[in-house]
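Sequence lines, in order, name chains A and B.
For the first sequence, the working numbering gives the first residue as 1, with consecutive numbering after it.
For the second sequence, the working numbering gives the first residue as 111, with consecutive numbering after it.
Do not rely on the hints blindly, as some may be mistaken.
Claimed, not checked - Not everything, but these chain A residues come out facing chain B in the computed CB check (under 7 Å):
| id | residue |
| --- | --- |
| 1 | PRO40 |
| 2 | TYR46 |
| 3 | GLY50 |
| 4 | ASP97 |
| 5 | PHE100 |
As the list claims (entries may be wrong) - Covered by chain A, per the in silico footprint, the following chain B stretches (three or more residues, Cβ under 8 Å):
| id | stretch |
| --- | --- |
| 6 | 149–160 |
| 7 | 204–218 |
No lab work stands behind these hints: they were computed from the structure.
Keep in mind that this is a model prediction, so the values were computed, not measured.
Don't be surprised by glycine CBs; every beta carbon is placed ideally from N, CA and C.
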Amino acid sequence: DAKTTQPNSMESNEEEPVHLPCNHSTISGTDYIHWYRQLPSQGPEYVIHGLTSNVNNRMASLAIAEDRKSSTLILHRATLRDAAVYYCILRRYNNNDMRFGAGTRLTVKP
Amino acid sequence: KAGVTQTPRYLIKTRGQQVTLSCSPISGHRSVSWYQQTPGQGLQFLFEYFSETQRNKGNFPGRFSGRQFSNSRSEMNVSTLELGDSALYLCASSFSGRATDTQYFGPGTRLTVL
Numbered sequence: 001d002a003k004t005t006q007p008n009s010m011e012s013n014e015e016e017p018v019h020l021p022c023n024h025s026t027i028s029g030t031d032y033i034h035w036y037r038q039l040p041s042q043g044p045e046y047v048i049h050g051l052t053s054n055v056n057n058r059m060a061s062l063a064i065a066e067d068r069k070s071s072t073l074i075l076h077r078a079t080l081r082d083a084a085v086y087y088c089i090l091r092r093y094n095n096n097d098m099r100f101g102a103g104t105r106l107t108v109k110p
Numbered sequence: 111k112a113g114v115t116q117t118p119r120y121l122i123k124t125r126g127q128q129v130t131l132s133c134s135p136i137s138g139h140r141s142v143s144w145y146q147q148t149p150g151q152g153l154q155f156l157f158e159y160f161s162e163t164q165r166n167k168g169n170f171p172g173r174f175s176g177r178q179f180s181n182s183r184s185e186m187n188v189s190t191l192e193l194g195d196s197a198l199y200l201c202a203s204s205f206s207g208r209a210t211d212t213q214y215f216g217p218g219t220r221l222t223v224l
């Protein structure tokens, strides 16, 4: 299975943009890149996903490198409620499990 | 619509006992996945059910089993509990379980094995 590598932790100031990187050098052509986050004492929640092109939704943007070996989750204006562990996950199209890595713990400072 | 519900939310058992956890998916969702979360190992995939059939299984011993009913509700069973089974057990539902589907997670069941 393709693996992802993320920094253990990152810090951001409130209302500033945050760029959360993820390396997935062994990604295959049918792997989708998903991001989930887990707020304290809650189950993970979906953030965004993409295959090849950059994606935007109301929560975040996902920038995917041209060779697809890395991606970046962008929170445009971090709030205190964005403090969470962010997971970058690869999901193969015909496979239905999600293999979580250690994730990045994001701390947002007021 | 209602989210994923898990019962019970907290459970205390002793070594050697068995336990059954329940998960009710979002209405219309046919895929249910189970995960174990521990401080040491993080989130680990247990298994996924779709239309009452197990489609995929993670790397856990046979003491961990599950099933899915015709209404898509799922149960997970752990037999002969060990101290290391203490964890947060999460279930997630999605429409079809495919890679383009969003998985919606429940709040989890916190299992403590004494």
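Should the hint that TYR46/A touches chain B count as held when the rule is a Cβ pair under 7 Å? Holds: closest Cβ of chain B sits about 4 Å from TYR46/A, inside 7 Å.
Have a go at the ASP97/A hint: is there a Cβ in chain B nearer than 7 Å to its own Cβ? holds (5 Å)
In terms of beta carbon proximity below 8 Å, does the stretch 204–218 of chain B have 3 or more residues touching chain A? Since 11 is at least three, the answer is holds.
Three or more residues of the stretch 149–160 of chain B near chain A by CB distance under 8 Å? That given contact holds, which follows from 6 residues of the stretch 149–160 of chain B lying within Cβ reach (below 8 Å) of chain A.
Can the hint on PRO40/A be confirmed by a CB-to-CB distance to chain B that is less than 7 Å? violated (12 Å)
Status of the hint placing PHE100/A at chain B (closest C-beta pair under 7 Å): Result: holds, 4 Å to nearest chain B Cβ.
Holds or violated: GLY50/A as interface residue toward chain B, Cβ cutoff 7 Å? violated (10 Å)
Hint violations for this structure: numbers 1 and 3, all remaining hints satisfied.
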